[in-house]
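A.B. asks: The primary structure of each chain is shown beneath.
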Amino acid sequence: MITATASIPESAQERMVAPSRFGDVIFRWLTLVMAFSVLVLVILVGWQLWRNSSLAIHKFGFHFLNTSKWDPVAEEFGALPFIYGTLISSLIALVIAVPLSIATAVFLTELAPMWIRQPLVSLIEMLAAIPSVILGLWGVFVMVPFLRLAVFPWLKKTLGFLPLFTGPIYGVSMLAGGIIVAIMILPIITSVSREILRSVPDLQREAAYGLGATRWEVTRIAVLSYAKNGLFGAVVLGLGRALGETMAVTMVIGNTPQIVASLFAPGYTLASVIANEFTEATTDVYLSALFEVGLVLFGVTIAVNLIAQLLVKTFVNTSAGAVQ
Amino acid sequence: MKNVMEHESTISADTAALHAMTDAEQSPAIAFEVNDLSVWYGQKQTIFNTTIDIPAQSVTAIIGPSGCGKSTFLRCLNRMHELVPTARHEGSIRLFGEDLYAPKIDPCVVRRRIGMVFQKSNPFPTMSIAENVIVGLRLNGVRDRAYLDERMEKALRMAALWDEVKNDLNRPGISLSGGQQQRLCIARAVAVEPEIILMDEPCSALDPIATAKVEELIYELKKQYTIVIVTHNMQQAGRCSDYTAFFYLGRLIEFAKTEKIFTNPSQKQTEDYITGRFG
Ligand SMILES: Nc1ncnc2c1ncn2[C@@H]1O[C@H](COP(=O)(O)OP(=O)(O)OP(=O)(O)O)[C@@H](O)[C@H]1O
Ligand SMILES: [Mg+2]
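Residue numbers (this note's numbering), protein chains in the order written: chain A, 2 to 325; chain B, -19 to 259.
Some clues are possibly wrong.
[What the hints assert, rightly or not] From the structure, some residues in chain A lie toward chain B, with a derived Cβ separation under 10 Å:
hint: 1; residue: Val134
hint: 2; residue: Glu196
hint: 3; residue: Arg199
hint: 4; residue: Arg206
hint: 5; residue: Ala208
hint: 6; residue: Leu212
hint: 7; residue: Glu218
hint: 8; residue: Ser226
hint: 9; residue: Phe233
[To be verified] Quick list of in silico lysine-lysine cross-link-like pairs, DSS-like style, CA-CA up to 30 Å:
hint: 10; chain 1: A; residue 1: Lys229; chain 2: B; residue 2: Lys146
hint: 11; chain 1: B; residue 1: Lys193; chain 2: B; residue 2: Lys248
hint: 12; chain 1: B; residue 1: Lys203; chain 2: B; residue 2: Lys100
hint: 13; chain 1: B; residue 1: Lys237; chain 2: B; residue 2: Lys193
hint: 14; chain 1: B; residue 1: Lys134; chain 2: B; residue 2: Lys24
hint: 15; chain 1: B; residue 1: Lys100; chain 2: B; residue 2: Lys146
hint: 16; chain 1: B; residue 1: Lys202; chain 2: A; residue 2: Lys314
hint: 17; chain 1: B; residue 1: Lys100; chain 2: A; residue 2: Lys229
hint: 18; chain 1: B; residue 1: Lys237; chain 2: B; residue 2: Lys202
hint: 19; chain 1: B; residue 1: Lys203; chain 2: B; residue 2: Lys146
hint: 20; chain 1: B; residue 1: Lys203; chain 2: B; residue 2: Lys134
hint: 21; chain 1: B; residue 1: Lys100; chain 2: A; residue 2: Lys314
Quick caveat, the hints were computed from the structure, so don't treat them as lab data.
The C-beta atom is built at its ideal place from N, Cα and C for all residues, glycine as well.
When you get a sec, could you build the whole thing from the sequences and use the hints?
C.D. replies: This is how it looks when you write it as structure tokens:
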């Protein structure tokens, strides 16, 4: 034993002394504090909303969530149409934006010739940089008239047997709101999806190509299935954006608190009602009700995210992308 | 003529039979005829004017120091190098007399005829063991469940993996060990019954036991397939190949029967490399 210890050369003995862990400790605490500060911020925001809306919560209780009457003069407040409007416009946005974004991302990473990729990416990033209000203006003066004159009548003629596409056409509508939100979340879903597709190892693609797969088959069996968890994450991120989107939607959705099946009818969202009515909220109850709308939006966003994460855990094969 | 060949090489798979044939002025059937092949990545040339005839129903090993263009050469044989956008080639490659690069030939069809096994095992992580094996058949449009099962078992047996996985075919392919994954990839390649199998350092990530299994497998596969294998392992080349090609700096230095390359190479560079004097 003793001889064995003695025979260890000096340099090795030096190496056996534990290195200073000081940096490690600092680093761990620093990151921990950062991570917690995000959580604390979220809790603080929630708590503030809760406190400011306590008046409305006490006065209306659960009815706030399941009644449709929004009458500031009579001081009756029910937020159901706004919840409905937010969920439906976001859903429309996802239905339009998800296939488009993922298809674009696939095109950009798998199919497009090299020289065209970077310009296209820049273009999409530019779309993300357009201020919401400008997009709203474009929506009001270009998109809505176009929808009213061309698209909606056509939809009504071809798909009019569905209750979704019936009733009078005004232009400003739930569908217009959904479309504008789709345009707004398209860049984020596209660029996140693109990063995810780019992170699929080339080895996977080669495995498929080696079997004689065509480009589309390679994309399907090697790329998309490998990336599906990540793509789902990209969609959830887009949904988060869609739920909270305010300015542009407010300008084209018509701002009418109602629940009707037709997508041609105007609607109203949680975010829009806060933005529109905050300055007019003269009474305490009114203001408190708007705060509660904010609280509901906050809750819906968090709930949607949690549900999405649960879905990932239960339905999507978690071993995907877990290679090495 | 090809039948005679098959017959002869099954009775005695060693080089003696081939000797006899050469003596009788009969050359073995040629799988690949590579004529004056040069390859560039962008401006940089990596393969220089290579001409080589790779015999059918035998194992050809490609050896050479790192970066000499072995993988590039191998990938040209099934048009995989075309996936690199900057890659460009000149010269011709024929498989059993048919020009692989003729304009009317679809590279996907070429790759269906010529299977490939990669250095790093790459099973599809979202697929089960069974699905990984039959994915190629599915791509070819086979739907019959019973037939798929039959082919899957056959391929897994061929890859010497059946006994280890037959009870959990529905487990994810990536839940296997590294060596098993590599044999799964071999099963995936042979399941479509290609004419040729290309292997790029298939054992470099494996332990000696797994390596021995794969080598045994190569020996078995040789009865039906033409195999071209890139390897860094001289012993491996010596053990399981019939022919050996030595590449150096993008040039084919020597191509001959393995026996000859290892005992009596005609080029000084080959000898130096094999005896470990450089590379
Ligand atoms: N995709 C590529 N783009 C550009 N150059 C490449 C590419 N792949 C290979 N090369 C170059 O081609 C040359 C030959 O590479 P290759 O991969 O064929 O070598 P190798 O003999 O297989 O080496 P190793 O034994 O290390 O696998 C190298 O100089 C390499 O830098
Ligand atoms: Mg290589």
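A.B. asks: Evaluate each hint against the coordinates.
C.D. replies: How the hints compare with the structure:
Here the hint on Val134 (chain A) is broken, as its CB sits about 41 Å from the closest CB of chain B, past 10 Å. Annotation: Glu196 (chain A) was flagged as interfacial toward chain B, and the flag is violated, the nearest CB pair being 19 Å apart, outside 10 Å. The restraint placing Arg199 (chain A) at the interface with chain B is violated, with a minimum CB-CB distance near 15 Å, outside the 10 Å limit. At about 8 Å, the closest approach between the beta carbon of Arg206 (chain A) and any beta carbon in chain B falls short of 10 Å, and the interface hint on this residue holds.
Evaluation of the Ala208 (chain A) hint against chain B yields a held restraint, the C-beta minimum of about 4 Å falling below 10 Å. With 10 Å as the threshold, the beta carbon of Leu212 (chain A) comes within range of chain B, its nearest partner Cβ sitting at about 4 Å, so the hint holds. Annotation: interface hint on Glu218 (chain A) holds; nearest CB of chain B at approximately 6 Å, less than 10 Å. Hint on Ser226 (chain A) holds. Least Cβ distance to chain B is approximately 4 Å, under the 10 Å limit.
Because the smallest distance between the Cβ of Phe233 (chain A) and any Cβ of chain B comes to about 13 Å, over 10 Å, the interface hint for this residue is violated. Only pairs whose Cα atoms come within 30 Å are accepted, and Lys229 (chain A) paired with Lys146 (chain B) is accepted, the gap being roughly 28 Å. Note on Lys193 (chain B) and Lys248 (chain B): the hinted pairing is violated, with a Cα-Cα distance of about 33 Å set against a maximum of 30 Å. Of the supplied pair hints, the one linking Lys203 (chain B) and Lys100 (chain B) holds, its CA atoms being roughly 25 Å apart against a limit of 30 Å.
As the CA atoms of Lys237 (chain B) and Lys193 (chain B) are separated by approximately 23 Å, the hinted pair is consistent with the 30 Å bound. At roughly 43 Å between alpha-carbon atoms, Lys134 (chain B) and Lys24 (chain B) are farther apart than 30 Å, so this suggested pair is violated. Our distance criterion of 30 Å between C-alpha atoms is met by Lys100 (chain B) and Lys146 (chain B), whose separation comes to about 23 Å. Simply put, Lys202 (chain B) and Lys314 (chain A) have alpha-carbon atoms about 45 Å apart, too far for the 30 Å limit, and the pair is violated.
This hinted pair checks out: Lys100 (chain B) and Lys229 (chain A) have alpha carbons roughly 23 Å apart, not beyond 30 Å. Distance restraint check for Lys237 (chain B) and Lys202 (chain B): the Cα-Cα separation of roughly 15 Å lies within the 30 Å cut-off, and the hinted pair is therefore satisfied. Of the supplied pair hints, the one linking Lys203 (chain B) and Lys146 (chain B) holds, its CA atoms being roughly 25 Å apart against a limit of 30 Å. Of the supplied pair hints, the one linking Lys203 (chain B) and Lys134 (chain B) holds, its CA atoms being roughly 15 Å apart against a limit of 30 Å.
For the hint pairing Lys100 (chain B) with Lys314 (chain A), the CA-to-CA distance comes to about 29 Å; that is within 30 Å, so the pair holds.
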